[in-house]
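Undergrad: Here is what each chain is made of, one letter per residue.
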Amino acid sequence: MSSLQMPKVDKAIMSKKDKIALDLRGIINSKNVLSSLDELRPFETDGLTAYRQMPLLVVMPETVEEVSQILKYCNENKIKVVPRGAGTGLSGGSMPLEDCVLIAMGKFNKIIEIDYENRCVVTQPCVTNLAITHAVQDKGFYYAPDPSSQIACSIGGNVAENSGGVHSLKYGATTNNLLGIEVVLMDGTITRFGGKVMDAEGYDFLGLMTGSEGLLGVITEVTVKILKSPEVVKAALVGFPSIEDAGNCVAQIIAEGCIPAGMEIMDKALTKATNDYSKAGYPTDAEAMMIIEFDGTEHEVEAYINKAKEIAEKNNSSSLKISKSNEERLKFWAGRKAAFPACGVLAPDYMCMDGSIPRGKLAEVLNEISRLSKKYNLPVANAFHAGDGNLHPLIMFDANDKESLRKCEEFGADILKYCVKVGGALTGEHGVGIEKRELMCEAFNDKDIQQQLTIKVALDPNSLLNPGKVYPILRKCAEEGRVHVHGGKTKFPDIPRF
Amino acid sequence: MSMEEKQNSQTSLDFNQNIFKPTSREEIVEIVKNCYRRNIPLEINGLKSKNKIGRNFQSEKTLDLSHYKGIIDYKPEELYIKVKAGTPLKEIVEELNKNNQQLAFEPNDFGYLFSGESNSGSIGGVVSCNFAGSRRFKVGSVRDHILGFQGINGKGETIKSGGTVVKNVTGYDLSKLISGSFGTLTILTELAIKVLPKPETSKTLVIKNPHLKKALSYLGKGLSSSTDPSGGVFYPDYFGKNFVLNDLTHEGGLTAIRIEGPTNSVEQRLNRLSKELGLLDQELSILDNEQSNIFWGRTKNLEVFKSLKGNLLRIVVPISETLQVIQKFKNYEIKYFIDWGGSLIWASFDQLNTKILNEIKDIVRKHHGYITLIKVEEDLKASADIFTIDPIKYKISEKIKRSFDPKRIFNPGKMYTGI
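Protein chains in written order, with our numbering: chain A, 1 to 498; chain B, 499 to 917.
To be clear, the hints were calculated from the coordinates, so they are not data collected in a lab.
Note that the coordinates shown come from a computational prediction; the quantities given were computed from them, not determined experimentally.
We put the beta carbon where it would ideally sit given N, CA and C, even for glycine.
Please note that the accuracy of each hint is not assured.
[Claimed, not checked] Which bits of chain B does chain A cover? Going by a derived footprint, with three or more residues having C-beta under 8 angstroms, they are:
#1 635-641
#2 663-669
#3 815-827
#4 882-890
Full structure from sequences and hints, please.
TA: In structure tokens, the structure reads:
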């Protein structure tokens, strides 16, 4: 495990642990304040398991007033606070600090209101993403953003990270599907941004809070819009003799005016791993394998899928299958969804990267990754949300070998730097957290970062809320992180990751 | 030589003029740095299509960005366009047309309202005001299409956020914060905007119907159906005659629902929609592609309020509240139409004074909505709050304003007193 510099531990706070616990037990139900090592252990890490740290204390508030009082108390006593939803995040945003009170929001787990007339759901933040869809699907509705961890990740965490998903090209990420939040600021102020109306007046604090990774406030209620489920969903499974052909096909589909619901590419290494692991039946001769999915009404889907077929053929597709039933469509996806675990059997460990690139740069970036793979002598497989340019290279290594881990981290950092160099972004959907913190200066200069920090200080003058995340501590562009998986075992092995 | 004179002598800026028309970012930086140093408030304008919206405020100098224009980079296959902030929206729309693409948020053209003719403004103004058109409920607002920006903060520092890729969660999403901030946080210099393909066909189902209650029921059912509409409006009787179109067979009140996409699918969805709404043939008309575009163009341009003498308010409430809100307006002389599938009320009040305005605000607040004064008479404008805000959000807004513009030199007081 790499060492990671975190904000300086406040020894005075550490020494007052018992007093703080006592005080907090005066604010909330005493059984909801956890202080023994056994109780704290489950909270030592989130989905980024390469980094672990026990918090000073864990509190599990049950009402917004309790959250407010906890924050107010911590603010007055200069105690650091780390908020946590389901703890499935992949960039270490919920990793505790040694001297922090960790606010675990798990008890905020009820859907408050389903409002079909205004087509929205009001919910507490620790309801899972998928539970929202489950609550409304009987009436033919669903919640569109679908991060791969949707069976376990919380909607409040989705807001904090601005989570995306396979379908974000057509339906947008969390920020585009959110109507309102209730939030508690570090000084204990309870306020609401947005509501059941679109574009609430004044500064767009809803937009600012979304994706702020728990640095600006603790979310205590969420209102999301729900959509009518599409009538028909169809997918095409297409093989290409080269990455370039697949990349050109993506560009032309978009240029022709078809916006697929999802468009996924896997490279040969990943296709092979997936076939071996899950008997996915993907074409083994193809250099790139693509799933193109359309949804909508019957004629609409028919028109688009025929157009996509035509474009794929023009771009030398070596195989092409269109799903004839929903079962067949799900089978196309089953392999893709097993792609990450498939890498788990190829090497003791893998790191999942999350860069964003212009769609047209896919071939160039994959060539660079392949060059780096040779340079570092570590195998890599690539999955790509091609529709929206979100690349997930999986670097395989052995964490027991320090040199292998070091090389893997350097390799990962080089990939992200290259993503930025070709006009992309450091993170498409996993967030910066602690993982990409020190790479921020690849994307932003000092003035850009300073402007963001000024906003942070405006709302949290003592920098007590989730410090050490997102913004560089070292102020040098280097090293660290990624999603580390050992022996195929993630922190949440049952959660799909794709 | 004083420090200030020394700094000025290094540049070519003539600071004695009252209106600056910069053509480069460097000039803007210099102007802002000067204003920052000297505590000089600055009014920021693009093409002035919306500069009457907002509070009146005192400014010593004006920054006119209409000469800071041009398309920097347009990549149709990457679905983005990058432009300088003073670029006229019209130029951008024309450029996108060449590739059969569009800005899906179809921003309102306020030129008809304020000056009787089209003035869709500059892209910087469009983003600063964040007023989205009829497709709002389907595709999002202006802010949902801003991929990134470059701007100058109140200290004269160049800052940026976001980029040109659609998926990007690196750092705070400042593109959202600057959208709808009415030029009070940064001077926008460059904007990267998401573009989308134009639909192959756009058609509109128009239902003869003078009753709001019925209209809201049609709109509610339509928007909750799987036919995926991209526009839903209601015009009462008095506006019906504004839409004389070949295929529109009556002149009274109407409810209109737009369906867009591949031609075959549009036909299929239109048929289904009229069946689901239980409509008889004599109750409805279908507008073909061309007429549909004219109809929604007029809606976007607020043409029913062309050269309006009186006041215009923009009221947004949850759809479930619209009927009650309109019913409570019965005591006033008003003309209105409904957009956003039932949630947006554009209302002109014949007589508006502080007392009536407060009553209206009270009604809207009780129904969980908000209100923006788009056009009000000067004497009322001087005394009324154009935007409403509660004390907590005011306090937060004040802090955010200071974090961008510590000396309050950008459009000070345009949104709220003291901000």
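Undergrad: Take the hints in turn and mark each one as holding or not.
TA: Consistency of the hints with the structure:
no.	hint	verdict
1	635-641	holds (count 4)
2	663-669	holds (count 7)
3	815-827	holds (count 4)
4	882-890	holds (count 4)
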